[in-house]
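Visitor: Those sequence lines, one after another, are chains A and B. According to the numbering used here, the stretch in the first sequence is residues 1 to 340, in order. According to the numbering used here, the stretch in the second sequence is residues 1001 to 1170, in order.
No lab work stands behind these hints, which were simulated from the structure alone. Do not rely on the hints blindly, as some may be mistaken.
Claimed, not checked - Straight-line Cα separation of at most 35 Å, DSBU-like style, residue types lysine-lysine; simulated pairs:
| # | chain 1 | residue 1 | chain 2 | residue 2 |
| --- | --- | --- | --- | --- |
| 1 | B | K1134 | B | K1150 |
| 2 | B | K1100 | A | K191 |
| 3 | B | K1095 | A | K45 |
| 4 | B | K1084 | B | K1005 |
| 5 | A | K191 | B | K1150 |
| 6 | A | K183 | B | K1121 |
| 7 | A | K191 | B | K1136 |
| 8 | B | K1009 | A | K36 |
| 9 | A | K46 | B | K1150 |
| 10 | A | K280 | B | K1005 |
| 11 | A | K191 | B | K1159 |
| 12 | A | K191 | B | K1076 |
| 13 | A | K191 | B | K1083 |
| 14 | A | K54 | B | K1127 |
| 15 | B | K1121 | B | K1076 |
| 16 | A | K259 | B | K1009 |
| 17 | B | K1005 | A | K27 |
| 18 | B | K1009 | A | K27 |
| 19 | B | K1100 | A | K36 |
| 20 | B | K1083 | A | K46 |
| 21 | B | K1083 | A | K48 |
| 22 | A | K27 | B | K1134 |
This structure is a prediction, so every number in the text was calculated from the model and none was measured.
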Amino acid sequence: MKGWYIEKGPESDVVISSRIRLARNFKDFPFPFRMKREDEEQVQKKAKEIIVEKDNDIAKFEFTDMQSLTPLERQMLVEKHLISSELADSQMRSGVILSNDEKVSIMINEEDHLRIQCLFPGMQLENAWNLCNDIDHLFEENVDFAFEESFGYLTSCPTNVGTGIRASAMLHLPALTMTGYIKGVLEVCSKLGITVRGMYGENSEAMGNMFQISNQVTLGQTEEEIIANIKNIANQIISQERMFRKELHKQNPFRFEDKIFRSLGILSNARILSSEESFKLLSDVRLGVDMGIITNIDIKILNEIFISIQPANLQYLVGKQLLAAERDIKRAELIREKLN
Amino acid sequence: MLCQKCQKKIANIQFTQIINNNKHVLYLCENCAKEEGKLKIGSPFSINDFFSGIMGVPYMSSVSPQSTKMICNTCKMSYDDFKKTGKIGCADCYKTYGEKLMPLLKRLHGNVQYNGKIPEKIYSRAKVSREIRKLKEQLNVFIKNEEYEKAAEIRDQIKEMEAKEKGLEI
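For reference, chain A alone in the conformation it holds in the complex (with noise of 0.2 Å):
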């Protein structure tokens, strides 16, 4: 398996990814929801034209259309964070644009005509920041936005007016969730202005205690001020999580040590798992791997199965359909394999 979600970032040992996405509307159609069959061609086709079929020295793209991919493949790319599960259900001429290294998704005709969105391995928000507006000027120079001086860009939802900005960060925070602390985190985030959420977006839960940090306003501050301060309040959170993580160990080592190598041990033995066991068990070895309690084992390879196990990738890479309970046995299959 290839892709930056394989790849290690800076901040690795807490910061999994970096996102930014900008929420942009062609001036002359209407937003997705109020569009004719023939305005979503259009939006779709004129999207093309710019990033696919000119050549460009950002990257490599390639169209996929929505309506050629089974809802499995959908899925896929849903669970690599490439595209939302609402443009997976989309019934509208809607599709994804990616780059060849899947770092860009640029997907049409979701909630707004283009959501172009940069995914980087840990701590890189102004690295994707970079890349977006280097693909948002590359649209600009082909096509007028909507876009007012006193609103900014247009959108659909009032919630994204502005900058059309959102910029986020995948967080793994095990120590503050041991120990509690992590009510006071969200509770401070919110008050700050910044979403929590669990690891799929809007109404996800925290899976493998996984947390998607990000911005709520869009419009009065610079892309650049939204971006400072989730950055700020990450280095905050990893900061504490980092203190947390050593003074669990330092406590009392051999059960910090214990429960690492214990999940490790089900992880490499058991016969049955579910999604739910699995991401706890990866949790508890990802920090053992982060603290360098575990030596033997390359975070990639823990990125990758946190990848291929979840369902579609997992009945993808199988080949076939499988219902839950079988999905358990090849899962616990797939792992014990990785791991030795």
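Following the hints, complete the assembly by docking chain B onto the known chain A.
Guide: Only chain B this time, still in chain A's reference frame:
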């Protein structure tokens, strides 16, 4: 207070139902509220309901009494449609009932003055407007502090910029 359904968890959601014009209020925990929602009306806590709440439309009411006839010429979507769906129809809707969105935007974002990037095509004009805005803020500060000499300087700068802005008008 405890959840009125399970009596176990803390109630943190006020669940309002309107059945035959009678309002029933239940105080529920998150889990029970989710369950209740699934059974009755799909997803009860959608962002649209929040908007309707903010915009003063009672939850689940279909017709608002003082119907405002603000309809966008381009996409034919009305301001009332927006209140119901929480989605805006097209770029021109912002021109048609943008003013009416201000209170909502203020609640959502705190600040309603756009400060982000500007598309290069309209860059020069928008940049000048933004510059004027900043100068005017400065002017007010100088006047407040009775620094009239500095204020006069700024005033001249504003005049100059305003002339420039006019020249850039399309």
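Visitor: Could you check the structure against the hints above and give me the numbers of any it violates, in ascending order?
Guide: 5, 6, 8, 9, 11, 12, 17 and 18
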